[in-house]
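Sequences listed follow chains X and S, in order.
Counting from 27, one number per residue, gives the positions in the first sequence under this note's numbering.
Counting from 563, one number per residue, gives the positions in the second sequence under this note's numbering.
These are calculated hints, taken from the structure and not from any lab test.
Predicted model, so just to flag it, every value in this text is computed and none were measured.
Be careful, since some hints might not be right.
As the list claims (entries may be wrong) - With a straight-line Cα cutoff of 16 Å, these simulated EDC-like cross-link-like pairs (lysine to aspartate or glutamate) come out:
1. X:Lys-125 / S:Glu-646
2. X:Lys-75 / S:Glu-629
3. S:Lys-580 / S:Glu-629
4. S:Lys-580 / S:Asp-647
5. S:Lys-581 / S:Glu-618
6. S:Lys-598 / S:Glu-646
7. X:Lys-125 / S:Asp-647
8. S:Lys-602 / S:Glu-662
9. S:Lys-581 / S:Glu-629
10. S:Lys-598 / S:Glu-615
11. X:Lys-125 / S:Glu-606
12. S:Lys-603 / X:Glu-114
13. X:Lys-75 / X:Glu-41
14. S:Lys-602 / X:Asp-121
15. S:Lys-603 / S:Glu-662
What the hints assert, rightly or not - Listed next, the stretches of chain X that the computed footprint assigns to chain S, with coverage defined by at least 3 CB atoms under 8 Å from CB atoms of chain S:
16. 69-81
17. 88-97
As the list claims (entries may be wrong) - Derived Cβ-Cβ restraints for the label pairs, each shown as a range:
18. X:Thr-98 / S:Ala-601: 45 to 53 Å
19. X:Pro-138 / S:Thr-578: 31 to 39 Å
20. S:Ser-657 / X:Ile-86: 33 to 41 Å
21. X:Ser-96 / S:Pro-570: 21 to 29 Å
22. S:Ser-672 / X:Ser-96: 24 to 32 Å
23. S:His-635 / X:Ser-38: 39 to 47 Å
24. S:Pro-645 / X:Leu-44: 37 to 45 Å
25. S:Gln-644 / X:Ser-106: 28 to 36 Å
26. X:Pro-56 / S:Thr-617: 16 to 24 Å
27. S:Val-574 / X:Ala-80: 41 to 49 Å
28. X:Ser-38 / S:Arg-571: 28 to 36 Å
29. X:Ser-96 / S:Asn-579: 51 to 59 Å
30. S:Val-574 / X:Ala-43: 21 to 29 Å
Ideal Cβ positions, reconstructed from N, Cα and C, are used throughout, including at glycine.
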Amino acid sequence: AQSVTQLGSHVSVSEGALVLLRCNYSSSVPPYLFWYVQYPNQGLQLLLKYTSAATLVKGINGFEAEFKKSETSFHLTKPSAHMSDAAEYFCAVSDNTDKLIFGTGTRLQVFP
Amino acid sequence: ETGVTQTPRHLVMGMTNKKSLKCEQHLGHNAMYWYKQSAKKPLELMFVYNFKEQTENNSVPSRFSPECPNSSHLFLHLHTLQPEDSALYLCASSSSSGLELFFGSGTQLSVL
């Protein structure tokens, strides 16, 4: 069975600081991995996805994530946080079926 | 209209009421999904439809009844709900490859 663990339900950073949101996965098959973002009162929007090509994946809004098989991780990073990055971020895993398993989410706060 | 549209945005209902949530996608996708989002819990996959056929029912109580009349429309019929069913209900769609979900803004449901 597949699962996703997001370490830290809340992360706070200062504007301009590095953003690091952690995600570890468990999968019995080579996984497809995703990061979604949810702004207040909205649905989820895809930030980036890993589908067995390059291990470093670049997404929208300056975010990127690196697939590390040895660590079963897919952490999300951004070099410099903006106030507009404040949102909830969800990591998800799929085995290329129509099922996407989500983590519990990490709420990112950005302080001026 | 583009993307995935959900109506209503907010719904308050008593435990004896019957109501329906509506989802419409304008992306030409073949798969549609219902997810339940509760505070501090992972997104819960409820139902999956592929080409109008239900392919997943994730042990959802019978008081939730999905309907998919065509690939563009998805309904969730609600009856005799419980207060613990209060949550944000998200609809999503994807192409037949199922690798990326496109979400609506959700219906915030409160059961009194």
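For a C-alpha distance cap of 16 Å, please report whether S:Lys-581 and S:Glu-629 respect it.
Holds, at about 13 Å.
Quick one, are S:Lys-598 and S:Glu-615 close enough, alpha carbons at most 16 Å?
20 Å, violated
Taking 16 Å as the top limit, are the C-alpha atoms of S:Lys-580 and S:Asp-647 close enough?
14 Å, holds
Given a hinted range of 31 to 39 Å, is it respected by the beta-carbon distance of X:Pro-138 and S:Thr-578?
At roughly 49 Å between Cβ atoms, S:Thr-578 and X:Pro-138 fall outside 31 to 39 Å, so the hint is violated.
Taking 21 to 29 Å as the stated bounds, is the beta-carbon spacing between S:Val-574 and X:Ala-43 within them?
40 Å, violated
If you check the beta carbons of S:Gln-644 and X:Ser-106, does the distance land in 28 to 36 Å?
Violated, at about 45 Å.
Does the Cβ pair S:His-635, X:Ser-38 satisfy 39 to 47 Å?
41 Å, holds
Holds or violated: are the alpha carbons of S:Lys-581 and S:Glu-618 at most 16 Å from each other?
22 Å, violated
Is the gap between the beta carbons of S:Ser-657 and X:Ile-86 within 33 to 41 Å?
19 Å, violated
Is 21 to 29 Å a correct range for the gap between the Cβ atoms of X:Ser-96 and S:Pro-570?
47 Å, violated
For the pair we were handed, X:Lys-125 and S:Asp-647, check the Cα-Cα distance against 16 Å.
Violated, at about 22 Å.
Are 3 or more residues of the segment 69-81 of chain X near chain S, judged by a Cβ distance of less than 8 Å?
It holds, with 6 qualifying residues against the three required.
The structure is inconsistent with the numbered hints 1, 2, 5, 7, 8, 10, 13, 14, 15, 17, 18, 19, 20, 21, 22, 25, 30, although it conforms to all the rest.
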